[in-house]
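J.: Residue strings, one per chain:
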Amino acid sequence: MENTQTDETTSSSEDQGLVYELAFHLLPTVSEDEGAKQVADLKALLEKNSATIISEEALKPMQLAYTMVKKLEGKNVTFDTSLFGVIKFDSDVAALDVLKEELDLSKNVLRFLIIKTVREYAPIQNRPVFREVKPPEEVTTLSKPKVEEKKEDAKPISEEELDKTIEELVSE
Amino acid sequence: MDRHQNTPKIQIANNVKHIDYRDVETLRSFLNPHARLLGRKRTGLSASHQRMVAQAVKRARFMGFLPYVQQ
Chain A
23 MENTQTDETT SSSEDQGLVY ELAFHLLPTV SEDEGAKQVA DLKALLEKNS
73 ATIISEEALK PMQLAYTMVK KLEGKNVTFD TSLFGVIKFD SDVAALDVLK
123 EELDLSKNVL RFLIIKTVRE YAPIQNRPVF REVKPPEEVT TLSKPKVEEK
173 KEDAKPISEE ELDKTIEELV SE
Chain B
63 MDRHQNTPKI QIANNVKHID YRDVETLRSF LNPHARLLGR KRTGLSASHQ
113 RMVAQAVKRA RFMGFLPYVQ Q
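Heads up: the protein sequence lines correspond to chains A and B, in order.
Numbers 23 to 194, taken from our numbering, label the letters of the first sequence in order.
Numbers 63 to 133, taken from our numbering, label the letters of the second sequence in order.
Treat the hints with care, since some could be wrong.
[Claimed, not checked] FRET-style restraints, in silico, Cβ to Cβ:
#: 1; chain 1: B; residue 1: R113; chain 2: A; residue 2: P83; range: 29 to 37 Å
#: 2; chain 1: B; residue 1: S91; chain 2: A; residue 2: R141; range: 24 to 32 Å
#: 3; chain 1: A; residue 1: A62; chain 2: B; residue 2: R98; range: 20 to 28 Å
#: 4; chain 1: B; residue 1: Q73; chain 2: A; residue 2: K59; range: 28 to 36 Å
#: 5; chain 1: A; residue 1: A58; chain 2: B; residue 2: V131; range: 31 to 39 Å
[Claimed, not checked] Calculated pairs, DSS-like style, for lysine-lysine (alpha carbon to alpha carbon, straight line, at most 27 Å):
#: 6; chain 1: A; residue 1: K92; chain 2: B; residue 2: K120
#: 7; chain 1: B; residue 1: K79; chain 2: A; residue 2: K97
#: 8; chain 1: B; residue 1: K120; chain 2: A; residue 2: K129
#: 9; chain 1: B; residue 1: K103; chain 2: A; residue 2: K110
#: 10; chain 1: A; residue 1: K110; chain 2: A; residue 2: K92
#: 11; chain 1: A; residue 1: K82; chain 2: B; residue 2: K120
#: 12; chain 1: A; residue 1: K59; chain 2: A; residue 2: K93
#: 13; chain 1: B; residue 1: K79; chain 2: A; residue 2: K138
#: 14; chain 1: A; residue 1: K110; chain 2: A; residue 2: K186
#: 15; chain 1: A; residue 1: K93; chain 2: B; residue 2: K79
Worth flagging that the hints you see were computed from the coordinates, not collected in a lab.
Virtual Cβ for every residue (Gly too), placed ideally from N, Cα, C.
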């Protein structure tokens with residue numbers, strides 16, 4: 023175990039990647055000032071644990087895809103909206119435990135997610151598109167001459183011939 | 063004859079190394095109308111891209127960007 027821990031610390035000290043992203047939802051009841059203070063506290067906590075902040079996205083109100091539940095003062099309270107914020111930082115693994123504990127205990131944080139990510143995310147330029155299915159080739163050119171042939175073969179039948187054929191059918 | 067031969071496929075460039083869970087518009091193209099993930103037969107993605115998409119969709123669901131179920 024000790025070896026793996028040292029490996030991780032050395033790789034982060036060489037600045038080779040362990041970039042993390044903290045995304046969080048604050049309660050919609052939190053005011054702008056309180057929200058800004060919460061974010062500043064989180065950043066201070068990270069910097070205290072020898073993490074360097076790479077980028078940060080301002081808090082923005084968000085409509086959630088489903089209702090989330092947070093236990094406040096012994097009661098389950100549901101929320102449909104939130105204030106969403108993101109902080110991207112470069113850090114040791116040890117700092118993550120401290121950060122997680124802080125967020126778990128926080129009364130203003132509805133939900134959070136800490137993930138490993140890339141330093142600079144390039145958005146997908148060409149959005150995934152359903153490949154076009156080619157329409158089947160035209161068949162009308164083949165069917166035309168057949169119709170003409172049928173017309174040539176059809177001959178008018180006289181009344182006598184008609185009578186004969188009917189009699190034959192009846193006799194059978 | 064393979065009955066999936068003519069099914070539409072979705073394409074992602076080979077050089078894409080990371081798919082962001084906040085890119086909801088992109089992720090939606092890998093879900094069916096009930097918000098369930100499409101399989102590889104339907105998406106036509108490489109195995110690694112399919113795993114990236116699956117991971118991103120699960121994160122997006124947890125963070126309320128996408129629903130778990132849609133009626």
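J.: I want to verify a distance hint. Is the separation of the beta carbons of A62/A and R98/B within 20 to 28 Å?
T.: Since A62/A and R98/B have Cβ atoms about 40 Å apart, the given range 20 to 28 Å is violated.
J.: Going straight from one Cα to the other, do K110/A and K92/A come out at no more than 27 Å?
T.: Holds: K110/A and K92/A sit about 25 Å apart, inside 27 Å.
J.: Verify the proposed pairing of K110/A with K186/A, using a straight-line Cα cut of 27 Å.
T.: Measuring from Cα to Cα gives roughly 96 Å; hence the hint is violated.
J.: For the pair supplied as a hint, K79/B and K97/A, is the alpha-carbon distance within the 27 Å limit?
T.: violated (43 Å)
J.: Between the beta carbons of S91/B and R141/A, is the distance compatible with 24 to 32 Å?
T.: About 26 Å separates the Cβ atoms of S91/B and R141/A, which means 24 to 32 Å holds.
J.: Could you grab the alpha-carbon distance between K103/B and K110/A and see if it respects the 27 Å cut-off?
T.: violated (35 Å)
J.: Given the hinted pair K82/A and K120/B, is their alpha-carbon gap at most 27 Å?
T.: holds (22 Å)
J.: Evaluate the given range 29 to 37 Å for the C-beta pair formed by R113/B and P83/A.
T.: Taking Cβ atoms as reference, R113/B and P83/A lie about 32 Å apart, which means the hint holds.
J.: Holds or violated: are the alpha carbons of K92/A and K120/B at most 27 Å from each other?
T.: The given pair, whose Cα atoms are some 20 Å apart, holds under the 27 Å limit.
J.: Between K59/A and K93/A, is the straight-line Cα distance small enough, at 27 Å or below?
T.: holds (22 Å)
J.: CA of K120/B to CA of K129/A, is that 27 Å or under?
T.: holds (25 Å)
J.: With the threshold set at 27 Å, check whether the alpha-carbon distance from K93/A to K79/B stays at or below it.
T.: violated (38 Å)
Comparing the model with each numbered hint stated earlier shows that hints 3, 4, 7, 9, 14 and 15 do not hold.
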